[in-house]
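Sequences listed follow chains A and B, in order.
Under the working numbering, residues 1 to 276 are what the first sequence spells out, in order.
Under the working numbering, residues 1 to 276 are what the second sequence spells out, in order.
Warning: the hint list may mix true and false statements.
Copies of the same chain look alike in the list, so a pair counts if it works inside one copy or between any two.
[To be verified] SDA-like mimics (lysine to any residue), calculated; alpha carbons at most 25 Å apart, straight line:
no.: 1; residue 1: 33; residue 2: 250
no.: 2; residue 1: 105; residue 2: 124
no.: 3; residue 1: 128; residue 2: 167
no.: 4; residue 1: 124; residue 2: 76
no.: 5; residue 1: 33; residue 2: 216
None of these hints come from the bench; they were simulated from the model.
Predicted, not measured: the structure shown is a model, and the values here were computed from it.
2 protein chains.
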Amino acid sequence: MGGASGTEKHPWKVMNTLNVIKIGGNVIDNSEKLHEFLEDFRALKGHKILIHGGGKIATELGHTLGIEAKLVDGRRITDIETLRVVTMVYAGLINKNIVAQLQAKGDNAIGLTGADGNIIKAVKRPVKDIDYGYVGDLDADSVSARTLDSLLQAGLTPVLCAITHDGDSQLLNTNADTIASAVAVAMSSHYDTSLIYCFEKRGVMRDIDDDSSLVPQIRSDEFEGLKAEGVVSGGMIPKLHNAFEAIKSGVREVYIGKADELPLLDQQNFGTRLIP
Amino acid sequence: MGGASGTEKHPWKVMNTLNVIKIGGNVIDNSEKLHEFLEDFRALKGHKILIHGGGKIATELGHTLGIEAKLVDGRRITDIETLRVVTMVYAGLINKNIVAQLQAKGDNAIGLTGADGNIIKAVKRPVKDIDYGYVGDLDADSVSARTLDSLLQAGLTPVLCAITHDGDSQLLNTNADTIASAVAVAMSSHYDTSLIYCFEKRGVMRDIDDDSSLVPQIRSDEFEGLKAEGVVSGGMIPKLHNAFEAIKSGVREVYIGKADELPLLDQQNFGTRLIP
Numbered sequence: 001m002g003g004a005s006g007t008e009k010h011p012w013k014v015m016n017t018l019n020v021i022k023i024g025g026n027v028i029d030n031s032e033k034l035h036e037f038l039e040d041f042r043a044l045k046g047h048k049i050l051i052h053g054g055g056k057i058a059t060e061l062g063h064t065l066g067i068e069a070k071l072v073d074g075r076r077i078t079d080i081e082t083l084r085v086v087t088m089v090y091a092g093l094i095n096k097n098i099v100a101q102l103q104a105k106g107d108n109a110i111g112l113t114g115a116d117g118n119i120i121k122a123v124k125r126p127v128k129d130i131d132y133g134y135v136g137d138l139d140a141d142s143v144s145a146r147t148l149d150s151l152l153q154a155g156l157t158p159v160l161c162a163i164t165h166d167g168d169s170q171l172l173n174t175n176a177d178t179i180a181s182a183v184a185v186a187m188s189s190h191y192d193t194s195l196i197y198c199f200e201k202r203g204v205m206r207d208i209d210d211d212s213s214l215v216p217q218i219r220s221d222e223f224e225g226l227k228a229e230g231v232v233s234g235g236m237i238p239k240l241h242n243a244f245e246a247i248k249s250g251v252r253e254v255y256i257g258k259a260d261e262l263p264l265l266d267q268q269n270f271g272t273r274l275i276p
Numbered sequence: 001m002g003g004a005s006g007t008e009k010h011p012w013k014v015m016n017t018l019n020v021i022k023i024g025g026n027v028i029d030n031s032e033k034l035h036e037f038l039e040d041f042r043a044l045k046g047h048k049i050l051i052h053g054g055g056k057i058a059t060e061l062g063h064t065l066g067i068e069a070k071l072v073d074g075r076r077i078t079d080i081e082t083l084r085v086v087t088m089v090y091a092g093l094i095n096k097n098i099v100a101q102l103q104a105k106g107d108n109a110i111g112l113t114g115a116d117g118n119i120i121k122a123v124k125r126p127v128k129d130i131d132y133g134y135v136g137d138l139d140a141d142s143v144s145a146r147t148l149d150s151l152l153q154a155g156l157t158p159v160l161c162a163i164t165h166d167g168d169s170q171l172l173n174t175n176a177d178t179i180a181s182a183v184a185v186a187m188s189s190h191y192d193t194s195l196i197y198c199f200e201k202r203g204v205m206r207d208i209d210d211d212s213s214l215v216p217q218i219r220s221d222e223f224e225g226l227k228a229e230g231v232v233s234g235g236m237i238p239k240l241h242n243a244f245e246a247i248k249s250g251v252r253e254v255y256i257g258k259a260d261e262l263p264l265l266d267q268q269n270f271g272t273r274l275i276p
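With the sequences and hints as input, model every part of the structure.
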């Protein structure tokens with residue numbers, strides 16, 4: 001973030017700041033919301049990387065083409081037809097429209113998959129009980145921080161979609177939250193990196209029905225207590241767990257909040273802030 | 001090309017060489033041909049930029065989606081639905097599969113539209129007799145040679161599809177031959193640049209039915225004579241005219257030949273070579 005220098009981690013040098021921001025379907029699917037979000041994104045200080053998920057467009061296109069979502073034991077499968085659809089929609093339609101909009105707002109965006117510049121090399125998920133198809137998993141060496149850094153140094157803003165490759169010609173559908181986390185961890189050796197997840201809610205709420213009950217900050221040692229209290233429950237548990245793992249791996253802080261409150265980020269006042 | 005240093009143009013410095021290579025639908029549509037071409041492309045010496053056209057996949061997808069090719073007075077129109085389809089197919093499916101294949105072959109490819117990094121800013125074709133829709137025209141300032149150069153300097157191989165933008169959020173369908181020419185002209189201030197068009201034939205042929213009648217080289221002052229003789233006729237006339245215009249604007253040489261003969265390029269023995 002703006003003022004911080006990350007001197008605790010690397011006392012011998014002051015690193016530049018980097019915000020790695022992930023948006024999901026709730027922003028992508030609403031053109032007005034997306035437009036406003038991109039305006040706020042552009043206005044943020046410092047270096048930035050945007051990661052976007054899919055949204056309903058891929059499902060709708062698949063439906064029109066007669067390719068229905070494949071589920072095995074309730075899990076979504078990416079067969080070769082579905083991979084074609086998500087490659088077209090994520091890497092083509094959505095990614096390039098976001099880039100064109102950011103360019104119009106004066107941000108020198110560059111849209112990429114993980115195949116481009118070998119930025120994210122994944123491994124096709126091994127078949128155990130379920131064959132997930134063309135889905136990529138990431139490991140500690142997946143992200144090429146050097147290439148992303150050279151793009152940032154050239155004044156470009158990388159916009160990554162949720163498609164990666166295996167280095168052997170195969171594109172792979174990959175979870176956008178996982179990409180955001182892996183990118184933030186990898187970049188934290190070059191930058192003082194914040195990871196920001198935008199989702200439907202304002203952040204972690206003490207009372208789900210009370211918009212003013214936002215928990216502004218959680219330290220890692222408070223996580224277990226909040227789980228026991230039931231403040232963090234359901235889908236928020238793995239989300240926060242992964243966030244604290246990213247922090248353990250070098251990310252300075254993780255924010256979880258609502259896309260339309262992004263302007264608060266420069267004041268470190270966005271959503272729920274997770275710190276070591 | 002390999003041995004040349006471009007000392008005539010810029011006697012005070014030796015420039016690196018750059019090959020700007022365009023492939024069309026005849027390569028794109030045939031996966032085996034594409035695979036072999038990319039193998040040959042990878043093996044070429046020096047810096048490279050690949051520009052690819054569309055092919056039948058966009059037409060087929062449009063057909064499946066019930067979006068038929070629009071023609072007005074025999075001219076193809078890009079309406080908003082067609083633009084969505086070509087953005088998905090060119091910038092998504094085709095571009096990212098080419099990139100993934102080049103990566104597998106050890107070439108650090110990066111796939112781009114003209115919107116990415118503001119590399120090619122076009123102007124929506126003005127409506128005169130015909131409204132061509134979302135089609136982009138290029139001018140002398142359209143290509144950002146600086147950004148392409150910074151990618152090349154980072155060890156990346158740009159792979160450009162035939163989508164550009166207007167700088168005001170609008171993506172535009174743009175002729176791939178025109179992009180190739182504009183990119184080569186713009187890059188010729190930074191590199192000793194060759195422009196290579198791959199198409200169905202071996203090059204300019206004295207006898208269309210005799211594969212051994214290839215004209216290996218044409219100087220600009222020979223062009224009129226070959227037109228008068230009928231050796232250059234039909235669609236080859238504008239192709240060669242545009243090629244000689246590119247040479248006048250700084251490109252070292254233009255080659256026109258068959259994709260599967262690309263390995264001959266390093267010996268300056270590919271197809272028909274056009275020189276000043």
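Hints, one by one, checked against the model:
In the homo-oligomer, the alpha carbons of residue 33 and residue 250 never lie at most 25 Å apart, since the shortest distance is 32 Å inside one protomer and 46 Å across protomers. Proximity of residue 105 and residue 124 under a CA criterion of 25 Å is satisfied inter-copy only: 18 Å between copies versus 37 Å inside one chain copy. Taking identical chains as interchangeable, the C-alpha atoms of residue 128 and residue 167 lie at most 25 Å apart only when both belong to the same chain, with a minimum of 22 Å there against 48 Å between chains. For the homomeric pair residue 124 and residue 76, the shortest alpha-carbon distance inside one copy (15 Å) is at most 25 Å, but the shortest distance between copies (41 Å) is not.
Taking the closest pair of Cα atoms, residue 33 and residue 216 come within 25 Å of each other only inside a single copy of the chain (24 Å); across copies the shortest separation is 57 Å, beyond that limit.
The structure is inconsistent with hint 1 alone, although it conforms to all the rest.
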